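With chain A's structure known, arrange chains B and C on it following the hints.
Protein chains in written order, with our numbering: chain A, 1 to 495; chain B, 1001 to 1327; chain C, 2001 to 2117.
Worth flagging that the hints you see were computed from the coordinates, not collected in a lab. Incorrect hints may appear among the rest.
Below are the DMTMM-like pairs computed for lysine to aspartate or glutamate, each with C-alpha atoms no more than 25 angstroms apart in a straight line [as the list claims (entries may be wrong)]:
1) B/K1244 <-> C/D2108
2) B/K1080 <-> C/E2107
3) B/K1025 <-> C/D2108
4) B/K1323 <-> C/E2107
5) B/K1025 <-> B/E1076
6) B/K1323 <-> C/E2109
7) B/K1198 <-> C/D2108
8) B/K1323 <-> B/E1002
9) A/K284 <-> A/E331
10) B/K1025 <-> C/E2109
11) B/K1080 <-> C/E2100
12) B/K1080 <-> C/E2109
13) B/K1025 <-> B/E1079
14) B/K1323 <-> A/D108
15) B/K1323 <-> B/D1189
Since we're looking at a predicted model, the values are computed, not measured.
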Amino acid sequence: MNLLPLLPVLLPLLCAPLCLLVRGATTVWALTCACTLACFASSLLLAQSLWHGGAALPYALGNWPAPWGIVYHIDALAVLLLLIVTGIAAVTLPYARRSVAQEIQPRDIPLFYALLLICLTGLLGIVSTGDAFNLYVFLELSSLSSYALIGLGQRRRALTAAFQYLVMGTIGATFILIGIGLLYSQTGTLNIADLAGRIAAIPEAAYGHRTLITAFAFLTVGISLKLALFPLHLWLPNAYSYAPSVVTVFLAATATKVAVYMLLRVCFSVLGNRFVFEQLTLGKILLLPSLAGIVIASLVAIFQYDIKRMLAYSSVAQIGYMTLGISLNSEAALTASIVHLFNHALMKGALFMVMGAVMYRAGSVYLNDFRGLGQRMPWTMAAFVLGGLSLIGVPGTAGFVSKWLLVQAALQHRWWPVVLVILLGSLLAVIYIWRVVETAYFNPLHEIEHGTAEAPPSLLVPLWLLVGANLYFGFDAAWPLQLAQQAATVLRGGL
Amino acid sequence: MELLIDIVLLTFLAITALAISHVRKLFCAIMLASIFSLLCACLFVTMDAVDVAFTEAAVGTGIAGILMLGALRLTETREKRPPHQPWLALLVVCTTGAVLIYGTADLPAYGDPAAPIHQHVAPRYISQSQQEVGPPNFVTSVLASYRGFDTLGETLVIFTAGVSVVALLGFRSLRQFLRNRRRPSVMADHLVLRIVAKMFIPLILLFALYVQFHGDYGPGGGFQAGVIFASALILYTLTYGLAKALQVLPPRILYLLAAGGVLLYGGTGWLCVLRGGHFLDYRALASDPLVGQHLGILLIEAGVGMTVFAVMVLMFFAFSSRKEPQS
Amino acid sequence: MTLAGHYNYWVAIFLMMTGFYVVISRGNLIKKLIGLNLFTTSVFILYISLGKVTGGTAPIAAPGVTLYSNPLPHVLILTAIVVGVATTAVGLALVVRIHESYGTIEEDEIRLRDESL
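The shape of chain A in the complex, shown without the other chains (with noise of 0.2 angstroms):
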């Protein structure tokens, strides 16, 4: 009985409540480090088991064999967005300690790391498990965390944010609430491998057809709603602006991801492909808001003067070519989506933590703050310039690769409309890049200004970590490309 898959979701489960009960900020920290580097290793021993074609993980809680119990089923995409989110968190803690301590009040510190714990438990959680329900407990367990951890920022707007995000978060959990109970009314069960096989016993134009189709809009939209697909996004810029540095590298690399996962798995796992793609041409619905998406986001945030907004326009528009890459229905199109996910997290979280260093040093993040940032914040800002050349998708980063596969995929259906968004957004992130990449190098310094000096270590470390794996993963590209190939096939083929 290998404990292993339950041990990502167990062991901040566990920290969680501890954090409450250990004294002092500095405790609380070691505690919470140490709890996701353990995370990141179970998944990384995860991985080693379901590479080169291994079978799904199975575990089933309390012994009780599925449908009657809860069973976690751990395959190849759970497995990279499992990977993706604990080495995140593995990266982000060392981060936060300067951050952290300087943003949020002495007295809430450790209730700030027992609330990061329990946001990482819910997202393993959404990933690992194999039931429809269990998924909906941890899907609000992660977003109840994420509201608490954005209304801790230092602006009053963060508390207006956060319940802007409380508001369509819940909003969209109860749509999915709806959609489970309409399958469950159809089918009897909760477990997902279950439900695909009663529903797939479902002919066309059956009785109980109507209410599958129901169901699955209702699931597509309450997703949308967590994924801030276009135009589902009003909460994601406030949200990501306001909220604490930490906690914007957190969420921005993780939850959206996330949220494609759930989004993937009730398409391809639940519903299956014939039935979402060919019935109800998914595609070609989902089709137009990523598109949108991707060329509005862009050009909002080449007008924006609060550069983490911008960067919250960015990843709207990021997670258009995520979807973009669901919508044309092909194995590679869908192995594309999947890499970028693992790339966007790459870049957004190096971009991110950019921003925490630079307001850990300046203390806001306008764009007159970036002013001279070239002379005395280089190693920042060249991990800026680095983030930036990846999100625009330039040969020898990351975001090259999953950009070119898209752009393949595009080409093979011969959908040039297509190909020329996703290079309009790649243009059209050149521009927001530059404005920064200007001021921070080619403005020149006329007045003296205190403090800034570069960012310490403990920043600076992480930073350069995720910007290196973006360049290393630009150039060999094996390892990722190879775990999304084997998602895709699963997911195409059926659970």
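Positioned in the frame of chain A, the structure of chains B and C alone reads:
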């Protein structure tokens, strides 16, 4: 006859919902929301969901109502008149409603015993849970044993809510309260309140204990018991004042209980692993599987009760200790 | 699709939509939370209606009873009720803080005060 009660209750619910939408005094809206919860609880009883009715009455009517009133005291009491008619909202709502009605057209008729959900997973719970798990209350067996991991997640959700509320609101005026120990509570002069409260609080605590342990045999369990425990303390606080209540149960003990409950639940699962079973596989806890199940359920329900009690009281204290706005 | 067969579902949908309407159309933050509560509680009614069996009784083993209502929806809704109240609590805490910082809990006034800065 049952159908008639069902129809009447649903009609009352619809009327209450419309009233909530229309009313502008927030105090009225909160009271109507509590009435809505209570009517829902009655509806759940007619639909044979006794555990759910119990929880909805305790949690939905009681706790949600108290917290909303606590928030109302700290904010404003009237809603502004909306400046224009929300046509877009109406359109969105009508579209969603239409889609839902379309989707539920294929649902089996209410109460149909041949519906798909009664054929597949549920029959094993009903026919075999007493031999496999033990308690006569099938809902407790499913909640605590078959789907015990969901309940662990749920306990963690409650814990998260407590931590979030404390992080956002805190006990900033705690020291001020403790310093003004001499300032009596507003209600302390009301003799009737004090005496009746004194009589009731032990009974409420006893009832909560009963609910905690009787959850195996009837409606009840950790959640409901935790809420009822909390309500006894809330009654004490309302009558004798926050300062005294904070002396009875200081926040650090509440933190200990809240964290301890989750750790007890997780620890029980961990103990099962150490004894060679799966996580939360209570059969590993004792040589006889049924005894193991009973022990496991007892431990986790205790954990749940502890966390729910501590979190509810923490949230109430957090709202109560916040300073009222200077008007 | 008889009236008696689907009345429960239709009223549940009506209640859901009323709650949803209150959330998206009202500007007062506490009213929004009340609407959210309404919305989620109505979903519970839908779930529990699915589990009822005519002629059955509460899913607690009793001598002489053969037909029980389905216990699984009850378990799911027990969890969902708790999740709902947790969300309400966090929402109310945010509203209290918003009122302290802005002096109002009406959405349009908050927007005005943010823009005027």
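Structure-based check of all given hints:
Our distance criterion of 25 angstroms between C-alpha atoms is broken by B/K1244 and C/D2108, whose separation comes to about 41 angstroms. For the suggested pair B/K1080 and C/E2107, the alpha carbons sit about 10 angstroms apart, so the restraint of at most 25 angstroms is met. At most 25 angstroms may separate the alpha-carbon atoms for a hinted pair to count; B/K1025 and C/D2108 meet this at roughly 18 angstroms. Taking the CA atoms of B/K1323 and C/E2107, the gap is near 23 angstroms; set against the 25 angstroms cutoff, the hint holds.
As the CA atoms of B/K1025 and B/E1076 are separated by approximately 10 angstroms, the hinted pair is consistent with the 25 angstroms bound. Pair hint B/K1323 plus C/E2109 holds up; C-alpha atoms about 23 angstroms apart against a cutoff of 25 angstroms. Taking the CA atoms of B/K1198 and C/D2108, the gap is near 46 angstroms; set against the 25 angstroms cutoff, the hint is violated. Distance hint between B/K1323 and B/E1002 is unfulfilled; the C-alpha atoms sit about 49 angstroms from each other, more than 25 angstroms.
Restraint check for A/K284 and A/E331: satisfied, since their Cα atoms lie roughly 17 angstroms apart, inside the 25 angstroms limit. Restraint check for B/K1025 and C/E2109: the C-alpha separation of about 18 angstroms stays at or below 25 angstroms, so the hint holds. With a C-alpha separation of about 18 angstroms, the suggested pairing of B/K1080 with C/E2100 holds against the 25 angstroms cut-off. A distance of roughly 10 angstroms separates the Cα atoms of B/K1080 and C/E2109; the hinted pair therefore holds under the 25 angstroms criterion.
Proposed proximity of B/K1025 and B/E1079 is supported: the alpha carbons are some 6 angstroms apart, at most 25 angstroms. Distance check on the hinted pair: B/K1323 and A/D108 sit about 19 angstroms apart at the alpha-carbon level, within 25 angstroms; holds. Taking the CA atoms of B/K1323 and B/D1189, the gap is about 22 angstroms. The hint holds against a cut of 25 angstroms.
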